[in-house]
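Asker: Listed here are the chains, written in short residue letters.
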Amino acid sequence: MKQSRIAPWIGVIFGAIYFLVPLIATFEFSLRMERGRYSFEAYRIVLGDPNFQASFGYSAFIAVCTIIVGVALVVPTAYVVQLKLPKLRPVIEFLTLLPLVIPAIVIVFGYLRMYNSSSWLPLTGSARGTDVLLTFSYVTLALPYMYRSVDTGLRAIDVRTLTEAAQSLGSSWPRILLTVILPNVRVAVLSGSFLTFAIVIGEFTMASLLNRPAFGPYLQLIGANRAYEPAALAIIAFAITWACMGLINLFGAMGQQTQRR
Amino acid sequence: MAFLSIEKLVKTFGTQTTVKGVDLAVERGEFVTLLGPSGCGKTTILRMVAGFETATSGTIRIDGKDVTDLKPNQRNIGMVFQAYALFPNMSVADNIAFGLKVAKKSSAEIAARVKEMLELIKLPQLGERYPYQLSGGQQQRVALARALAVKPQILLLDEPLSALDAKIRISLRDEIRAVQRSLGITTIFVTHDQEEALSMSDRICVMNEGHIEQLGTPFEVYNYPTTRFVASFVGTLNIVNGKVADSATGKLLVDGQEIVTSRSLNGASTGDALSLALRPEALTMGRANGLSNNLDGTIDEVHFLGSVVRIRVKFKDSAISLDTFNKPHLPPPERGQPVTVNFGREDILVLDGAPN
Amino acid sequence: MTNSSITDTNFSTAAVRPRPISWSWLGVVPFLLFTLMFLLLPAANLIIGAFQDAAGNFTLQNIANLSQPTILRAYQMSIGISAASAFLGAVIGFALALAAVLGRLPRWVRPSLMTFSGVASQFAGVPLAFAFLATLGRTGLVTALLFNIFGINIYRYGFNLLSFSGLTLTYLYFQIPLMVLILTPALDGLKREWREASAILGASTWQYWRMIALPILWPSLLGAFMLLFANSFGAIATAYALTGSSLNIITILLYAQIRGDVLHDPNLGYALALGMILITGISNGIYIWLSSRTGRWIR
Ligand SMILES: Nc1ncnc2c1ncn2[C@@H]1O[C@H](COP(=O)(O)OP(=O)(O)O)[C@@H](O)[C@H]1O
Ligand SMILES: [Mg+2]
Numbered sequence: 000m001k002q003s004r005i006a007p008w009i010g011v012i013f014g015a016i017y018f019l020v021p022l023i024a025t026f027e028f029s030l031r032m033e034r035g036r037y038s039f040e041a042y043r044i045v046l047g048d049p050n051f052q053a054s055f056g057y058s059a060f061i062a063v064c065t066i067i068v069g070v071a072l073v074v075p076t077a078y079v080v081q082l083k084l085p086k087l088r089p090v091i092e093f094l095t096l097l098p099l100v101i102p103a104i105v106i107v108f109g110y111l112r113m114y115n116s117s118s119w120l121p122l123t124g125s126a127r128g129t130d131v132l133l134t135f136s137y138v139t140l141a142l143p144y145m146y147r148s149v150d151t152g153l154r155a156i157d158v159r160t161l162t163e164a165a166q167s168l169g170s171s172w173p174r175i176l177l178t179v180i181l182p183n184v185r186v187a188v189l190s191g192s193f194l195t196f197a198i199v200i201g202e203f204t205m206a207s208l209l210n211r212p213a214f215g216p217y218l219q220l221i222g223a224n225r226a227y228e229p230a231a232l233a234i235i236a237f238a239i240t241w242a243c244m245g246l247i248n249l250f251g252a253m254g255q256q257t258q259r260r
Numbered sequence: 000m001a002f003l004s005i006e007k008l009v010k011t012f013g014t015q016t017t018v019k020g021v022d023l024a025v026e027r028g029e030f031v032t033l034l035g036p037s038g039c040g041k042t043t044i045l046r047m048v049a050g051f052e053t054a055t056s057g058t059i060r061i062d063g064k065d066v067t068d069l070k071p072n073q074r075n076i077g078m079v080f081q082a083y084a085l086f087p088n089m090s091v092a093d094n095i096a097f098g099l100k101v102a103k104k105s106s107a108e109i110a111a112r113v114k115e116m117l118e119l120i121k122l123p124q125l126g127e128r129y130p131y132q133l134s135g136g137q138q139q140r141v142a143l144a145r146a147l148a149v150k151p152q153i154l155l156l157d158e159p160l161s162a163l164d165a166k167i168r169i170s171l172r173d174e175i176r177a178v179q180r181s182l183g184i185t186t187i188f189v190t191h192d193q194e195e196a197l198s199m200s201d202r203i204c205v206m207n208e209g210h211i212e213q214l215g216t217p218f219e220v221y222n223y224p225t226t227r228f229v230a231s232f233v234g235t236l237n238i239v240n241g242k243v244a245d246s247a248t249g250k251l252l253v254d255g256q257e258i259v260t261s262r263s264l265n266g267a268s269t270g271d272a273l274s275l276a277l278r279p280e281a282l283t284m285g286r287a288n289g290l291s292n293n294l295d296g297t298i299d300e301v302h303f304l305g306s307v308v309r310i311r312v313k314f315k316d317s318a319i320s321l322d323t324f325n326k327p328h329l330p331p332p333e334r335g336q337p338v339t340v341n342f343g344r345e346d347i348l349v350l351d352g353a354p355n
Numbered sequence: 000m001t002n003s004s005i006t007d008t009n010f011s012t013a014a015v016r017p018r019p020i021s022w023s024w025l026g027v028v029p030f031l032l033f034t035l036m037f038l039l040l041p042a043a044n045l046i047i048g049a050f051q052d053a054a055g056n057f058t059l060q061n062i063a064n065l066s067q068p069t070i071l072r073a074y075q076m077s078i079g080i081s082a083a084s085a086f087l088g089a090v091i092g093f094a095l096a097l098a099a100v101l102g103r104l105p106r107w108v109r110p111s112l113m114t115f116s117g118v119a120s121q122f123a124g125v126p127l128a129f130a131f132l133a134t135l136g137r138t139g140l141v142t143a144l145l146f147n148i149f150g151i152n153i154y155r156y157g158f159n160l161l162s163f164s165g166l167t168l169t170y171l172y173f174q175i176p177l178m179v180l181i182l183t184p185a186l187d188g189l190k191r192e193w194r195e196a197s198a199i200l201g202a203s204t205w206q207y208w209r210m211i212a213l214p215i216l217w218p219s220l221l222g223a224f225m226l227l228f229a230n231s232f233g234a235i236a237t238a239y240a241l242t243g244s245s246l247n248i249i250t251i252l253l254y255a256q257i258r259g260d261v262l263h264d265p266n267l268g269y270a271l272a273l274g275m276i277l278i279t280g281i282s283n284g285i286y287i288w289l290s291s292r293t294g295r296w297i298r
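Residue numbers (numbering that gives the first Met the number 0), protein chains in the order written: chain B, 0 to 260; chain V, 0 to 355; chain E, 0 to 298.
The set of hints was computed from the structure by calculation and includes no laboratory data. Be careful, since some hints might not be right.
With the Cβ distance kept under 8 angstroms, some of the chain B side facing chain E (calculated, not the full set) [to be verified]:
| no. | residue |
| --- | --- |
| 1 | Phe18 |
| 2 | Val20 |
| 3 | Glu27 |
| 4 | Thr76 |
| 5 | Pro98 |
| 6 | Ala103 |
| 7 | Tyr110 |
| 8 | Ala126 |
| 9 | Gly128 |
| 10 | Asp130 |
| 11 | Val131 |
| 12 | Ala197 |
| 13 | Ala230 |
| 14 | Leu232 |
| 15 | Thr240 |
Using 27 angstroms as the maximum straight-line C-alpha spacing, the simulated BS3-like pairs for lysine-lysine come out as follows [what the hints assert, rightly or not]:
| no. | chain 1 | residue 1 | chain 2 | residue 2 |
| --- | --- | --- | --- | --- |
| 16 | V | Lys150 | E | Lys190 |
| 17 | E | Lys190 | V | Lys103 |
| 18 | V | Lys121 | V | Lys70 |
Derived, one-sided and incomplete: chain E residues facing chain B with beta-carbon distance under 10 angstroms [said to hold, decoys possible]:
| no. | residue |
| --- | --- |
| 19 | Trp24 |
| 20 | Phe30 |
| 21 | Ala83 |
| 22 | Leu132 |
| 23 | Gly150 |
| 24 | Asn152 |
| 25 | Ile257 |
| 26 | Thr279 |
All values derive from a computational prediction rather than experimental measurement. Where is the CB? At the ideal position from N, CA and C, for every residue including glycine.
Throw the hints in and build the complete structure from the sequences for me.
Answerer: The structure is reproduced here in structure tokens:
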């Protein structure tokens, strides 16, 4: 049953090269701004750009809003489906997977048609309204990941016993959700949140079509007009994604430890 | 020469030696059980016989042929795993047919053999079902049929009953044994359940920490355990500490009371401390005359187990359990009652090694 | 889940409130409303729009207009890139997952691969385009290295990052890791006993894969392929940042249409969107059909 160990190694090494070389190349490129020597000039310029700060701040804010709305929407649903309405599970799961099938650009196009300034709900008529719409569009984007994460977390704990215990102590439903269930799926919610953040922070299509001053359109603008700054931005974006995933792993490991204890 | 012969078999994982020089000879058509606590290396031996693990040293011969270094698919062995080993993407019939298909048998031959096998395991109607539609017991019967369909030389069963619930476990036990007898197939059965081993086997090979403690018929292993480990692992056993009062006549002292054994003292001399073992079913309540031994004590606990009542009797320092049959018109004795326990001189097993 | 009926009665007796069922509906109604308003209706709205003219009357003209050569070529290009990147991503990702799960590699390889795949699968959009420009663009590091060391100018040999092959290569950066993430658990689900049972019954490794492992993995493989396909079919940011609007793929065409840059015919835009929904819808239909045919044994 021993199999040769050459082929797996070749595969893994090929994979490593494919994924590391662009990163290395990008990093090297980002250092080349000043002629004849490596420097962090491109990073200095990018980080000092007020537009960078503004657009990044805006996207981070929208990401936080997305996470709050997403959690508020997904946790009660997943909880109720698991506990009381298991028959709805296929429907809910189908709905949460739809955003993987319907392209984002189609969804936002639908928003523009449905919620334009002359419609019954003119969300795009004002900047605030558009922010709300952008947040909601991100909630749909993140829905598959958020739902899966929370649902997996709920399956890992004994929702029923926890609920019954809380009920026997006279807790009401909203209280149970907030004080008993939520803390127990904290790790799952945090994972979903960081994933959401990673997806939302650099998102281009929706922000651009809704005309909001987000980080994604800013990136695109810099890319079209500058040479070295985009490479620095790519490295920064990669670092953000990596940080989000690292935090997910970290919290995941911590969660496992607390469970073991 | 034995049909399956294992000689000086050793298996080392890294720094840990799991199988420490095992010799085992199984005759054609024999049903031998490897019995031992979890982790003692039973599965590892079976997997070396099957060819899933390579032996560190030693040889395995089947029908005189050295198979130690053959691949599993060249050995013509049937194996039943602990659980869930049916191919989930195939119907019951396709599972049973798998080995025949791989061997490129004609479809007529396959169909006939599958039918025969389904009848052998008494599931003739279920050929079209998928594994997930079967109960655990049915799945294991199909696994047995799948293993037997290719007419293997040897059948290996690795705790095939452990995942099932008690009732099915016992009925399937008999069924496996019946099928094995009717086909006369040489079989190695692995279990950690001594009751299973005692009820099914021609011979039992009691294992501990990678070596064989004792090899013998169920009768021998149960009644004449040769090591302390076997005595305590097989069956329920009372172990009491005693002292040799007179090595010549077999006189012993237990908690100041004198008893006599007719068995060998394993070389202990007068004054030595000893461990003695007594099976619960060898003990009777009440005083007996003649050549029996009597011990006086008080009843400590009474467990009503249904057909059997298990009673714990306390002496000065030690305690023993004994079984009596339940009798509806005779309520069991009460705690604190004084009682005398009697047993025959031959019922005392003298364990080797000093008491601990 | 099995004893839900029993516990449901427990709930109604234990709950203090008179109609406990309303509470559970309250948990899902906001969710259903949200998906209706911000997922289903917008899509439905476009579909309806595709069959209307500017005045709101029923027409098939928009659909007919899709047969313009530019639009047909854009669909073709999008399907081609998506299929190629999904197929290559699936094959390579499958191989990598295989190596990680069954390759008897050192212990640290697998968690590293998984973490990295998690990051790379989400590393899409505009920054990915920057990274590939810096790598394989005309002044990219790898382009330069290949030229300086081997004297090969890949652009001379017809390579172009702003093309079918270039975009496919770029998309693979997130497609392969996505496949690894999806397939690793599926490969973990292959029980060691299945392989051993097949071996002891006389099957070769190849027979094990053909008759047991691949059929068991088939629905996962197919589902992953479809997900990868949809993933790159709907992608726009990378392509847009890489090529501007010079590459004629359907998402860029639709993007330009929405921005009002090109066609000035919103209803044609709806028809474009309908075409996209149809393509992802049909491909998922095929997936469901195929996996229901092959997956009868799945609970
Ligand atoms: N592939 C392996 N690698 C390392 N150790 C192993 C391996 N297989 C078994 N062992 C070790 O060998 C010992 C005996 O295992 P096993 O033969 O399965 O015992 P049993 O079947 O009697 O319960 C165990 O301690 C187990 O940890
Ligand atoms: Mg075992």
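Asker: Determine for every hint whether it applies to the structure shown.
Answerer: The hints, checked one at a time:
| no. | hint | in the structure |
| --- | --- | --- |
| 1 | Phe18 | holds, 6 angstroms |
| 2 | Val20 | holds, 6 angstroms |
| 3 | Glu27 | holds, 5 angstroms |
| 4 | Thr76 | holds, 4 angstroms |
| 5 | Pro98 | holds, 7 angstroms |
| 6 | Ala103 | holds, 6 angstroms |
| 7 | Tyr110 | holds, 5 angstroms |
| 8 | Ala126 | violated, 19 angstroms |
| 9 | Gly128 | violated, 13 angstroms |
| 10 | Asp130 | violated, 14 angstroms |
| 11 | Val131 | violated, 10 angstroms |
| 12 | Ala197 | holds, 5 angstroms |
| 13 | Ala230 | holds, 5 angstroms |
| 14 | Leu232 | holds, 6 angstroms |
| 15 | Thr240 | holds, 5 angstroms |
| 16 | V/Lys150 with E/Lys190 | holds, 25 angstroms |
| 17 | E/Lys190 with V/Lys103 | holds, 25 angstroms |
| 18 | V/Lys121 with V/Lys70 | violated, 32 angstroms |
| 19 | Trp24 | holds, 8 angstroms |
| 20 | Phe30 | holds, 4 angstroms |
| 21 | Ala83 | violated, 16 angstroms |
| 22 | Leu132 | holds, 7 angstroms |
| 23 | Gly150 | violated, 19 angstroms |
| 24 | Asn152 | violated, 17 angstroms |
| 25 | Ile257 | holds, 6 angstroms |
| 26 | Thr279 | holds, 5 angstroms |
Hints 8, 9, 10, 11, 18, 21, 23 and 24 from the earlier list are contradicted by this structure; the remaining hints agree with it.
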